[in-house]
Amino acid sequence: MNSLIKFLIIILFAYFFQNCAPSRFVKPLAKKQQAASFSFGGPIIKFAGAPIPIPFTTLAYGYGITDNITGFGSLHTTSLLFGNLQSDIGATIKLFEKENKFGISASPAIQVAYNVRNQTGFRIWPSADLNTYFHLKAKPSYLYAGVNSWFEFSKYKAHEQPQERHAIPNLHLGYMIVKQKWQHQFELSYLGIGIPNKPGVAEYVGISDKGALGFYYSLIRKF
Amino acid sequence: MRLIILIAFSLLISSCLKLDSNLYNNDNTIKEYQLDNYKGVQDFILDDSYNIPSNLITVFTLQSQAEGESTTTNIKALYIGDASKINSDTVILYCHGNKWHMDFYWQRAKLLAHTNGKNKYGVLMMDYRGYGLSDGKPTEKGMYADVDACLKWLKGKGLSNERLIIYGFSLGSAPATELTATPRSLTPTKLILEAPFGSAAIMVQDASQLNMPADYFTDLKIDNAEEIKKVNQAFLWLHGTNDNFLNYKTHGQVVYNNYTGIYKEKYLVDGADHGEVPAKMGFKNYLEVLGNFIRKN
Chain A
1 MNSLIKFLII ILFAYFFQNC APSRFVKPLA KKQQAASFSF GGPIIKFAGA
51 PIPIPFTTLA YGYGITDNIT GFGSLHTTSL LFGNLQSDIG ATIKLFEKEN
101 KFGISASPAI QVAYNVRNQT GFRIWPSADL NTYFHLKAKP SYLYAGVNSW
151 FEFSKYKAHE QPQERHAIPN LHLGYMIVKQ KWQHQFELSY LGIGIPNKPG
201 VAEYVGISDK GALGFYYSLI RKF
Chain B
1 MRLIILIAFS LLISSCLKLD SNLYNNDNTI KEYQLDNYKG VQDFILDDSY
51 NIPSNLITVF TLQSQAEGES TTTNIKALYI GDASKINSDT VILYCHGNKW
101 HMDFYWQRAK LLAHTNGKNK YGVLMMDYRG YGLSDGKPTE KGMYADVDAC
151 LKWLKGKGLS NERLIIYGFS LGSAPATELT ATPRSLTPTK LILEAPFGSA
201 AIMVQDASQL NMPADYFTDL KIDNAEEIKK VNQAFLWLHG TNDNFLNYKT
251 HGQVVYNNYT GIYKEKYLVD GADHGEVPAK MGFKNYLEVL GNFIRKN
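Chains A and B, in that order, are what the protein sequence lines are.
Residue numbers for the first sequence follow the working numbering, beginning at 1 and rising by one.
Residue numbers for the second sequence follow the working numbering, beginning at 1 and rising by one.
With the rest of the complex left out, here is chain A (with noise of 0.2 Å):
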């Protein structure tokens, strides 16, 4: 692989590090159900002229702990590969339903990461998704449509400069395709709400120089 390539891969993984998976358990469990996940995809790039989604993978696992609480955590394989622990743990709560109509979910949840291999940079994010979903003829699948963000809460970064943006916002649509066992989630981002995309680089699929555009496949099993 070209180097310059690989290099704006190294900066993307950095630039939407906070959304490499999609929405998690949009809807919660039935009690004492239990679910994993496999995900991949990420914000959208411009290669050799192509748009194509960064494909981050993660794993992820849930439970119901009631019908209305589904608690999960998960394992970001992609940065693992590259020496970073980082998991996200949390709880999806249904906060409103009218069955088999349409609901309303929060998920906030803590961001956890490492430094494996020089054992350094423990950090915490604290994130949250609020997402409401409307089953379409009363079937089990259902379309969802949420807003995401990530929390900062230093002060400063590097070099004592000021830390300025606290929030990083994302809006997301996606479709669960929901089987007896098996589910299909697929969900299209728009990560990084309002932030500008240049300088940047890398050639974001963004709005009007803002933001990317993000793509997200997952395969759920539940048992």
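Calculated from the structure, these hints are not laboratory results.
Take the hints with a grain of salt, since some may be wrong.
Covered stretches of chain A (in silico footprint by chain B; criterion: 3 or more residues with CB under 8 Å from a CB of chain B, positions within the stretch not fixed) [stated by the list, open to error]:
1. 120-134
2. 140-154
3. 157-170
Lysine-lysine pairs mimicking DSBU-like chemistry, simulated, CA-CA at most 35 Å apart [claimed, not checked]:
4. B:266 x A:155
5. B:249 x A:46
6. A:155 x B:221
7. A:155 x B:264
8. B:99 x A:46
9. B:230 x B:39
10. B:31 x A:210
Under 8 Å between C-beta atoms, here's a sample of chain B residues computed to sit facing chain A [to be verified]:
11. 136
12. 199
13. 202
14. 205
15. 211
16. 215
17. 216
18. 261
Please read all numbers here as calculations on a predicted model, not as lab measurements.
From the three backbone atoms N, C-alpha and C, an ideal C-beta is built for every residue, glycine too.
Let chain A serve as the given structure and place chain B on it in line with the hints.
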């Protein structure tokens, strides 16, 4: 259970990929240096009035040895000027950027050889290990050793500290700053940085928008923002305001602000992207700014 096995496997293979070597954009596939005959992409091409007589161009090999290395690495360097007059000439040591090899930077070196007049100053440029025809693989420590190998050569030819100017462009700002802050074989009298890195940490944080440790991605430091605090020599900073690679506010400005030495001067070039500073300034104006800075007591 399968998930646990998969996680355990992932942990086992963790750390097997390292990013550092990927950060270097070196090209060591060339067979010879072409200089004026080089037809590849370049930031700019000077007209014939900037040509250098062939008897004033010397390409040679140096041995470089970084701390902790048991063997030396052959690196290629290029001197523009009369090497026999280094004991009385002023020399600009040019540390090039991350791209490919010296052929790409030849036009820049030629331009520098016109500071304050044609061939008024000598210009020395080298390919860091792994770049161009230099042997080895690029490393941060090796890059500093390679530049120091050039300083040793200059010292051997009779150059003294007060006639040495060091110029770092982009990645080259790292060895230029490092060897001015913590001198080895010679102590530069002035430091010029064009489109410098602030640090690897700034690079990562600019990209992530979060206060994210740089070592999540790289062990490289390239910590000009801290090293510049040790620099007391006069300092000139040039940067394009439209630099799409190293943002002048988050990188160059931090370096400039952290400098507390005897004299500093900045030149922000309106609308210039990375690598466009000399062309956007206009070559004459660019050389005038450099020339005035070098002449200044």
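We went through each hint and held it up to the structure:
{"no.": "1", "hint": "120-134", "verdict": "holds (count 4)"}
{"no.": "2", "hint": "140-154", "verdict": "holds (count 3)"}
{"no.": "3", "hint": "157-170", "verdict": "holds (count 7)"}
{"no.": "4", "hint": "B:266 x A:155", "verdict": "holds, 28 Å"}
{"no.": "5", "hint": "B:249 x A:46", "verdict": "holds, 26 Å"}
{"no.": "6", "hint": "A:155 x B:221", "verdict": "holds, 22 Å"}
{"no.": "7", "hint": "A:155 x B:264", "verdict": "holds, 29 Å"}
{"no.": "8", "hint": "B:99 x A:46", "verdict": "holds, 21 Å"}
{"no.": "9", "hint": "B:230 x B:39", "verdict": "violated, 41 Å"}
{"no.": "10", "hint": "B:31 x A:210", "verdict": "violated, 43 Å"}
{"no.": "11", "hint": "136", "verdict": "violated, 15 Å"}
{"no.": "12", "hint": "199", "verdict": "holds, 6 Å"}
{"no.": "13", "hint": "202", "verdict": "holds, 6 Å"}
{"no.": "14", "hint": "205", "verdict": "holds, 5 Å"}
{"no.": "15", "hint": "211", "verdict": "holds, 4 Å"}
{"no.": "16", "hint": "215", "verdict": "holds, 5 Å"}
{"no.": "17", "hint": "216", "verdict": "holds, 5 Å"}
{"no.": "18", "hint": "261", "verdict": "violated, 17 Å"}
The structure fails to meet hints 9, 10, 11 and 18 from the earlier list, while all remaining hints are met.
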